[in-house]
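**Q** Just so you know, the sequences run in chain order A and B. Residues in the first sequence are numbered from 1 upward in steps of one, following this note's numbering. Residues in the second sequence are numbered from 485 upward in steps of one, following this note's numbering.
Just so you know, the hints here were simulated from the structure itself, not pulled from any lab data. No false leads were slipped in.
No more than 20 Å apart at the CA atoms, straight line, and that leaves these computed lysine to aspartate or glutamate pairs for EDC-like:
| hint | chain 1 | residue 1 | chain 2 | residue 2 |
| --- | --- | --- | --- | --- |
| 1 | B | 527 | A | 315 |
| 2 | B | 493 | A | 236 |
| 3 | A | 273 | A | 205 |
Pairwise CB distance ranges (calculated):
| hint | chain 1 | residue 1 | chain 2 | residue 2 | range |
| --- | --- | --- | --- | --- | --- |
| 4 | A | 197 | B | 495 | 15 to 25 Å |
| 5 | B | 508 | A | 103 | 49 to 59 Å |
| 6 | A | 70 | B | 516 | 34 to 44 Å |
| 7 | B | 516 | A | 365 | 34 to 44 Å |
Not the full set, but computed from the structure, chain B residues with beta-carbon under 7 Å of chain A:
| hint | residue |
| --- | --- |
| 8 | 485 |
| 9 | 486 |
| 10 | 488 |
| 11 | 498 |
| 12 | 503 |
| 13 | 517 |
| 14 | 518 |
| 15 | 523 |
| 16 | 526 |
In this text, all values refer to a predicted model and were calculated from it rather than measured experimentally. Virtual Cβ for every residue (Gly too), placed ideally from N, Cα, C.
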Amino acid sequence: MAKIVILGAGISGHVAASHLRRKLSKQHEVVVVSPNSNYQWIPSNIWVGIGRMKAEQILFPLEPLYKKKNIGFKQAKAVSFHPEGDKEVTKPYVMVEYVKGEDKNTFEKVTYDFLINATGPKLAFDMTEGLEPGKNKAYSVCTYGHAEHAWHGLKELIEEVKKGKKAKILIGTGHAKSTCQGAAFEYILNVEQELRRHDVREMVEITWIANEYQLGDFGMDGMLLSYGSNIMRSNEMIEMIFEDRGINWIIGAAVNKIEDGLAHYETLDGEYKTETYDFAMLIPAFSGHGFKAYDKEDKDITEKLFKGFMIVDADYTPRPYEEWTVQDWPETYQNPSYKNIFAPGIAFAPPHAISKPRVSKNGTSISPAPPRTGMPSGITAKLVAENIVDIINGKKTLNHKGSMGNMGAACIASAGFGMTKGSGVSITTYPIVPDYVKYPDTQGRKLGKTFGEIGLAGHWLKLTLHYAFIYKAKMKPFWWLIPE
Amino acid sequence: MTQRISKTKRFIMMNPIIQFFKYIYLSIKILIVVAGGHGGTRKKV
Ligand SMILES: Cc1cc2nc3c(=O)[nH]c(=O)nc-3n(C[C@H](O)[C@H](O)[C@H](O)COP(=O)(O)OP(=O)(O)OC[C@H]3O[C@@H](n4cnc5c(N)ncnc54)[C@H](O)[C@@H]3O)c2cc1C
Chain A
1 MAKIVILGAG
11 ISGHVAASHL
21 RRKLSKQHEV
31 VVVSPNSNYQ
41 WIPSNIWVGI
51 GRMKAEQILF
61 PLEPLYKKKN
71 IGFKQAKAVS
81 FHPEGDKEVT
91 KPYVMVEYVK
101 GEDKNTFEKV
111 TYDFLINATG
121 PKLAFDMTEG
131 LEPGKNKAYS
141 VCTYGHAEHA
151 WHGLKELIEE
161 VKKGKKAKIL
171 IGTGHAKSTC
181 QGAAFEYILN
191 VEQELRRHDV
201 REMVEITWIA
211 NEYQLGDFGM
221 DGMLLSYGSN
231 IMRSNEMIEM
241 IFEDRGINWI
251 IGAAVNKIED
261 GLAHYETLDG
271 EYKTETYDFA
281 MLIPAFSGHG
291 FKAYDKEDKD
301 ITEKLFKGFM
311 IVDADYTPRP
321 YEEWTVQDWP
331 ETYQNPSYKN
341 IFAPGIAFAP
351 PHAISKPRVS
361 KNGTSISPAP
371 PRTGMPSGIT
381 AKLVAENIVD
391 IINGKKTLNH
401 KGSMGNMGAA
411 CIASAGFGMT
421 KGSGVSITTY
431 PIVPDYVKYP
441 DTQGRKLGKT
451 FGEIGLAGHW
461 LKLTLHYAFI
471 YKAKMKPFWW
481 LIPE
Chain B
485 MTQRISKTKR
495 FIMMNPIIQF
505 FKYIYLSIKI
515 LIVVAGGHGG
525 TRKKV
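One chain only, chain B, in its complex shape (with noise of 0.2 Å):
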């Protein structure tokens, strides 16, 4: 096992406080994304 993610970083990912407001972001930006609409790629012929 090698350590990639510093221990600053997990307590980030893991702490559920800051998790919480990062639950609203995310579901926020992920909304935009998904319901930032859809459709055809072709010109008009």
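If we strip away everything but chain A, and leave its shape as in the complex, we get (with noise of 0.2 Å):
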């Protein structure tokens, strides 16, 4: 009989839970740690950012999921991993804190056979001095708690606005190392589409804030994709969208500073600059959570588990930006000094960005960290549990691979609301970590596959795909022939 030990709720940590359960027989412990008790559809985020959805029509509470399906919860947070156990605790531990209920503040030691860390990223707001959810005017919109108040927050702006204030709106990224800048192009582009619904566009001036060196680079480096029959860069789409929309942009900008109504900047041309703002919705850094690890000594063993994330089967012998390969990035995910620990999803440390670093004249690194989107993090939690699957029925090897050098994505971005006045930018891309070696030609992707379209029909995909995740995400029938 094995146990699985699963920290986190995410996509990953629930793809990861929902596929173990499925293929392993009632014999096997599958046990999911998560200090959230809801599952949350994070993409549709944006449209409880704008009102168009409520919070409950994304997420659903997981125990009584997880009861029906014979997967242990508990609702706690994982403090430290003891991968060999200690003086006490022979076998391999992770020591949880509660925190609801009854055993809330209690800590308990949950013993693994196998640990699967789908931590996710820690939301490091503390990055950017006065970058607070709803403080000084700025909001978020990376969990439904802050898109709801980032709701409020533009809800009372229009309020004002319809009274006669003119008014300005920053989106982007509120960090030099931000990643994530996707979610932020989907919520500007939804702003502004909700401001025209309200008629109070021409009134509302709106910014772009990157730390992008080009629009489009989404921290992938950008990419050449086909639209319709032509062959664009996506900074060109990108530019086209916003210059249609009337959305200004400030690029290669690290912020910094976040004051009321007031964003200071670096640029990459070390220019320190400021723009003031009536709504800010500002993606922050995403960072490891800070766990610590010990051996069965109680001797710190942090290094051998994080580096910032968890330390998977990546290359991380630090190189220049120009010897960077596919190769770099990690195929099973399995910590290599504790075989019996896997990091799926945005909880796993990259070998290194993937769009080129760049520094600005002050020294200031400002460039995007690498994306992990839905998409590659259900599809590394799967293989996880399929490999761990297979190591508990006997075999010796890992035999499910996943690279991002080696898996295509498709990143539909809500363009606006609306099942007749609605928009989306549809993008995928193949494979997700540019191979240059590959494909030279056209800048480390396959065009066919990487190919980008704008219209309704993103909308409705979007919506389509809201639906079919939280169909899946609910473990219904037949909820595994949906691919991740």
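Assembling the complex is the task here: the two chains are given apart, and the hints tell you how they should meet.
**A** Shown next as structure tokens:
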């Protein structure tokens, strides 16, 4: 009998738990530890942030589902890792702290045979002075709670504008090394459309601010894509959309301080500037959770498990950008020191960025960290689950592999909500990490599989994904037929 | 605001009938990219 403990119930943790439960017989135990009692479909937070969806539409409670499916659930957060156990407990364990109920603030040593760390990122608002969701008129849409809050802020502003106030909105990244530009991109287009719907668009100046060197970098070094019968660069496509929607942009910008209605930033040219706003939504830096790890003698072995995020089978040798290869990227998400520990989704430490690193004249590193979107998070979680099932069934090698250098991703960016007025920018990329050796003439990507489309169909697609993935997450009949 | 998308293009982008077919086309195309599989990148030693 094996016990598999999964830390986190986001896209990757929940995908891993559901596949393990489906494939393993009842004698094996699957336990999920997560501080949030709800599952949330994060991509739809964008619509909560413009008031077009209620938070309840994008979440559901995990405990009743897990009870029904025979998956253990502890509403707790992992605090420290003990992959060799300790003097009293011989099995490996994670120390968890309960966050709710009678056990709140009590600790438990949760032992395991296999551990999946799917704790995603820490939303590191503290890395930017003054950036805190809902403070200083700056908001976030990274969780459904933040998104609800953002909508209240935006609604208030729309009311004021209706009374004659001219306003400025600033949306983008809130740190020199932020990632998830795609989410901010969706939000800015949705906000722009909502302002038009409320008939106040001409009263509001909207500005995009980001750490990208070029528009459309998205932390992926941009891309060359087919758009209809043309071949276009992603920066040209996004520039076209922004100009058409009357959105200004500031790029190569490291936001470093937020005051009430004032964003301070440094540019790649080394200038220190400010931008005023009446409403802002800025994506914070994502960091590791700062977990500690100890061996059985209680000696600190954090560096064996973590490099900010969790160390997996990547090649972490520091090399200049020109020498990066897709082979640096992990394939099995297994920790090399402790083979029964895995980290899919955002929880693994990437070997390096995907976008070319850039430094300002003052020496500040200003470029996006590598994104790991929902699809790779789901795919990597599923392959980790499949490898664990194989090991339990006696296989000696890890046969399921999925490098981001050999994996496609679809990003359906909402560009406005509405069954007839909505829009979406559908972009697919293959591979996610550009392979400049395999595809030297097309910026590291395969053109037929890297394409962009704009239009109403994109909104319908995004809405279909919303319903399909919530259906899948609820583990309704044949949920496993829906691909990650 | 600079008009960067022509009226014809905008009509195509927002016409529900044309977009319905686009929706089917995109769903299949995306499925091909996604279900196209994934794997490692390193040579076996
Ligand atoms: C606003 C927004 C929009 C997005 N839109 C898209 C999109 O359209 N398409 C797309 O592909 N991707 C999108 N993404 C990215 C996508 O949401 C992420 O790739 C995905 O959520 C990553 O999954 P994950 O499970 O690795 O991490 P998360 O989803 O962050 O899950 C982490 C889990 O770990 C739990 N946890 C945290 N700390 C602990 C701890 N100490 N112990 C135990 N558990 C812990 C958390 O509660 C959570 O359940 C978007 C992201 C954002 C923020």
